[in-house]
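Protein sequences, first through last, are from chains A and B. Numbered by my numbering, the letters in the first sequence go through residues 1 to 111 in order. Numbered by my numbering, the letters in the second sequence go through residues 1 to 113 in order.
The hints are simulated quantities; they were obtained by calculation from the structure and are not laboratory data. You may find that some hints are simply not true.
Taking lysine to aspartate or glutamate pairs in the EDC-like style, the calculated list, with each CA pair at most 20 Å apart, reads [claimed, not checked]:
{"id": "1", "chain 1": "B", "residue 1": "Lys-57", "chain 2": "B", "residue 2": "Asp-38"}
{"id": "2", "chain 1": "A", "residue 1": "Lys-3", "chain 2": "B", "residue 2": "Asp-54"}
{"id": "3", "chain 1": "A", "residue 1": "Lys-40", "chain 2": "B", "residue 2": "Glu-27"}
{"id": "4", "chain 1": "B", "residue 1": "Lys-53", "chain 2": "B", "residue 2": "Glu-27"}
{"id": "5", "chain 1": "A", "residue 1": "Lys-103", "chain 2": "A", "residue 2": "Asp-17"}
{"id": "6", "chain 1": "A", "residue 1": "Lys-103", "chain 2": "B", "residue 2": "Glu-59"}
{"id": "7", "chain 1": "A", "residue 1": "Lys-67", "chain 2": "B", "residue 2": "Asp-100"}
{"id": "8", "chain 1": "A", "residue 1": "Lys-57", "chain 2": "A", "residue 2": "Asp-17"}
{"id": "9", "chain 1": "A", "residue 1": "Lys-103", "chain 2": "B", "residue 2": "Asp-38"}
Only part of the chain B face toward chain A is listed, based on derived beta-carbon distances under 10 Å [what the hints assert, rightly or not]:
{"id": "10", "residue": "Gly-3"}
{"id": "11", "residue": "Gln-37"}
{"id": "12", "residue": "Asp-56"}
{"id": "13", "residue": "Phe-90"}
Ideal Cβ placement from N, Cα and C applies to all residues, glycine included.
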Amino acid sequence: EDKVVQSPLSLVVHEGDTVTLNCSYEVTNFRSLLWYKQEKKAPTFLFMLTSSGIEKKSGRLSSILDKKELFSILNITATQTGDSAIYLCAAYGGSQGNLIFGKGTKLSVKP
Amino acid sequence: DAGITQSPRHKVTETGTPVTLRCHQTENHRYMYWYRQDPGHGLRLIHYSYGVKDTDKGEVSDGYSVSRSKTEDFLLTLESATSSQTSVYFCAARRQDYTDTQYFGPGTRLTVL
Chain A
1 EDKVVQSPLS
11 LVVHEGDTVT
21 LNCSYEVTNF
31 RSLLWYKQEK
41 KAPTFLFMLT
51 SSGIEKKSGR
61 LSSILDKKEL
71 FSILNITATQ
81 TGDSAIYLCA
91 AYGGSQGNLI
101 FGKGTKLSVK
111 P
Chain B
1 DAGITQSPRH
11 KVTETGTPVT
21 LRCHQTENHR
31 YMYWYRQDPG
41 HGLRLIHYSY
51 GVKDTDKGEV
61 SDGYSVSRSK
71 TEDFLLTLES
81 ATSSQTSVYF
91 CAARRQDYTD
101 TQYFGPGTRL
111 TVL
């Protein structure tokens, strides 16, 4: 069975901390790994990763994929209260060729 | 926001009544998806469409049907709503075969009493 597992499920940090969110996957016909941020509304796209070892970066957020060990990490440096959200990881693949989502990591950033 | 809207945004209904949720997109996306999101389960795929009149079942399709008669509209129908279908429903769209990124609509909060 295809699955995507995120850890931790929830995390509380203080402003200025650096956090690392984890995503492991076991997905047949894997093609890409995507990260989304969800505040109290729809998920918004952050990154798509297809190649191992190539870091994608956007401001204080960065992500990398390891296709040998089947995982990805999302790093957020110098966290701000606006980073508080649920971060979703999804792997593209499976028998139908769709996104398979993890359950998300709920990040709370305290002032 | 990839031009995706959903209607209604909130709905309260009673068990046994039919309900139709609408997803409308303005950017000619080929692929469209319906998900439900529940605490502890994350996003789960209900049905998806890969073109006009072309649809297929997802992970949690029981009790749901879909239709896509035009590129821009994807309808989700609960034939006889049950309390277990209380959820937040998201529509998503993807442009072409070679792009994996899905863009999401704002969601519909459905409560079945």
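So, going through the hints one by one against the coordinates:
{"no.": "1", "hint": "Lys-57(B) - Asp-38(B)", "result": "19 Å, holds"}
{"no.": "2", "hint": "Lys-3(A) - Asp-54(B)", "result": "26 Å, violated"}
{"no.": "3", "hint": "Lys-40(A) - Glu-27(B)", "result": "25 Å, violated"}
{"no.": "4", "hint": "Lys-53(B) - Glu-27(B)", "result": "18 Å, holds"}
{"no.": "5", "hint": "Lys-103(A) - Asp-17(A)", "result": "23 Å, violated"}
{"no.": "6", "hint": "Lys-103(A) - Glu-59(B)", "result": "15 Å, holds"}
{"no.": "7", "hint": "Lys-67(A) - Asp-100(B)", "result": "17 Å, holds"}
{"no.": "8", "hint": "Lys-57(A) - Asp-17(A)", "result": "18 Å, holds"}
{"no.": "9", "hint": "Lys-103(A) - Asp-38(B)", "result": "10 Å, holds"}
{"no.": "10", "hint": "Gly-3", "result": "13 Å, violated"}
{"no.": "11", "hint": "Gln-37", "result": "9 Å, holds"}
{"no.": "12", "hint": "Asp-56", "result": "7 Å, holds"}
{"no.": "13", "hint": "Phe-90", "result": "6 Å, holds"}
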